[in-house]
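**Student:** These are the residues of each chain, in order.
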Amino acid sequence: MFKKILGLATIAAAMQTYALSAAADTFVFTAIPDQDETQLIERFGAVEAYLEEQLDVDVKYIPVKSYAAAVSAFRNNQVQLAWFGGLSGVQARRLVPGSEAIAQGVEDPEFQSYVIANTSTGLEPMDELSEDLEGMTFTFGSKGSTSGRLMPEFFLREAYGEAPDEFFSRVGFSGNHTRTVRLVEAGTYQLGAVNYKVWESGVEDGSIDTDKVQVIWKTPYYPDYQWTIRGDVDERFGEGFKDRVTQALLDMDDPELLKRFPRAGFIPASNEDYAPIEETAEELGLLN
Amino acid sequence: MMQGWANIPISRSRTARTSLFFVALALVCLAMADIAITTANPWQDLMRFFWGVMTPDFFSSAGLATALLRTLAFAFVGVTLGAGAGFLLALVYRFRMVRTFCAFIRAIHELFWALIFLQFFGFHPLTGVLAIAIPYAGIFAKVYSEILDEADQEPRNLLPSGVGALSAFVYTRIPDCWEQLRTYTSYRLECGFRSSAILGFVGLPTLGFYLESAFSQGHYSEAGAVLILFYVLIATIPLWVRPRMLPFYIVAAPFFLGDGMPIMWGNVRRFFTEDIVPAPLRETSSEAFWPWLSDLVVNQALPGIWNTLLLTQMALVATGVIALLAFPLISRHFGNRLSRTGGHVLLVIARSTPEYILAYILLQLWGPSMLPAVVALALHNGGIIGHLIGRQSSTIGLRPDAPRGLMRYGYELVPRVYPSFLAFLFYRWEIIMRETAILGILGIYTLGFYVDSAIQNIQFDKAMILILVTALLNIGIDGLSRRIRRCLALQTMPTC
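Protein sequences, first through last, are from chains A and B. The first sequence: position 163 = 163 (the working numbering), numbered continuously. The second sequence: position 491 = 491 (the working numbering), numbered continuously.
No lab work stands behind these hints, which were simulated from the structure alone. Only true hints are included.
20 Å max Cα-Cα, derived EDC-like pairs, lysine to aspartate or glutamate: (1) Lys242(A) x Asp25(A); (2) Lys65(A) x Asp259(B); (3) Lys212(A) x Asp45(B); (4) Lys142(B) x Glu179(B); (5) Lys259(A) x Glu107(A); (6) Lys259(A) x Glu204(A); (7) Lys60(A) x Asp259(B); (8) Lys259(A) x Glu48(A); (9) Lys259(A) x Glu200(A).
What you are looking at is a predicted structure, and each value in this text was computed from that prediction instead of being measured.
With the hints as extra help, turn the sequences into a complete structure.
**Tutor:** Okay, structure coming up:
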């Protein structure tokens, strides 16, 4: 009998939280899972608190397991704002007419990927991609990543005139940049393509062993990450909401918070800034 | 093609011929497959992982308890709905259309269903519930109808005329099958817990979510904690899943699914009327459809099918080897009580760890190739079959002067359990293939890899065609396996 009462009480409690959470209109955002989850939760937990204070609405960050899940959640209006990479941002904005890139990191207009190699390959840093890489094993980051897949693949094809899986003996997708570094460091793959920001902050905080893995080539510059917001947020959260979100992002100046991205600060962005990414993705068949 | 073998004495037996054919086929596959350990220190990582399991950290993540609750809730709701729908379908299973429909929905793996629903329901509990309920309904329909068909017809014939069909069904058929229906359903519930846990790998809030995060970051103690929780959950099922408690769990479960994100029905409509329509047809140029389709078939479907078949055949034979090696561990004809207890523990761990999780762990530790997948599939499925035939071998009575050791194994027991061993193995052929396809999500180039790539590129039209191909391949293997079993006169009970 006691068990039954306890059970009923739990059900009642559960129902109550159910009803409450559905009622409030919360501004939800997400981000592409480009790094280890702990790092993402630290970073975006802080952004959540910051935006809540600046915007005066409930703000919630939801973590996702893939780049595509971030795009789908944005498209399905389950999130209204997202920190996308170049490619995922283009995908999302194509799918949601009216959505806009509103802010990017200071570094994002001139972003880079590094090709890294396990030191056992004996490869030295090079200015042009050399034929010595032929037949080695290579890992990208996520399939939907700009700096971990799209741009490196583009430059590899340009240099070698064939698809990576023809030029290399084995091509994999590690999932994210942290994992790419770890896999190349461990020798699971001899080579990898990684977001230069993730590389540099890893070297700085000592989490990368540069005796085991080093940068051998840097790509030319291209535009990358940005905050993208849905076009219909003003209707839902009030006139001028989009401008307030934009302003809040541009005003972000807490060095601790910025260090977690890691970016020096945020500057305005527009959809046109990412046209080169769109063209490249179309060329590689990653966009219809 | 097997004519040439007819001269070899052993090949007189159809069973032996079939076995040898499959072993030879697997060896050919092995020669063509990509099998390698690519990590520099695979054993060091494996040791670190075992050390993590020995030193589990249950308190690192506050979400773990919630994840456990969600895992249970998704499983209870999903399996209940699946069983209900499956039972209704079982009643009309004699219609070909129903059978085809059921074969189709169960040929698509839970994770594929989840990936589909994620696109329009998003992170709503319905995604997880339906991902379990739909394929399970197909499986339940098939097994329930088989159980009902085998019921004794005598009580029905003894009823006076004029008894309604419903009363006759409820009072004659159900009581006869009740025990079997109950056993199978509760067995399926255990499968449901496994399915529910792995849904976390695609982002639903179950145990897999935490396992994936912890593991991929090398936090082995956290990963160990999740695994231990999972084993405890499965091992204690007989203690807390009691018939009297079941209604309570079933009523309570929907309230513990969590709320997720609201569903927007516009997204559902969009998915079905736009997203999955092949891109060239959407843009009205229907002549572009054929080049589009042939590109998809040549560059994705065919390589995917090829790798899926390679891996499936290798895994099938490896499963058989593991099962034959493992069953003596728990058979009463070998070892002593202590060794058998150890054997039971090993087999319980092997069979309650979902292939997907095993493959994920081994891929992390050994690097990408088909090897981790083969080992994972063989360990899990071999554990299940080893358990079943080990139990069966214990019921065999041997003469007091029967040989011991290897002779007993080779001449007394293996020949006696071999037919049911093969029956289980062929029954699991289709299941192994379903899993093989899904392991592609982890980066092995089977069909799942191409499905995942299409989804990552937000090309659901391509994803749906590839899922369809996977389902058809699976239905084909299922049919072939049934023919072989009939041909060899093998009978079996269903396993999951």
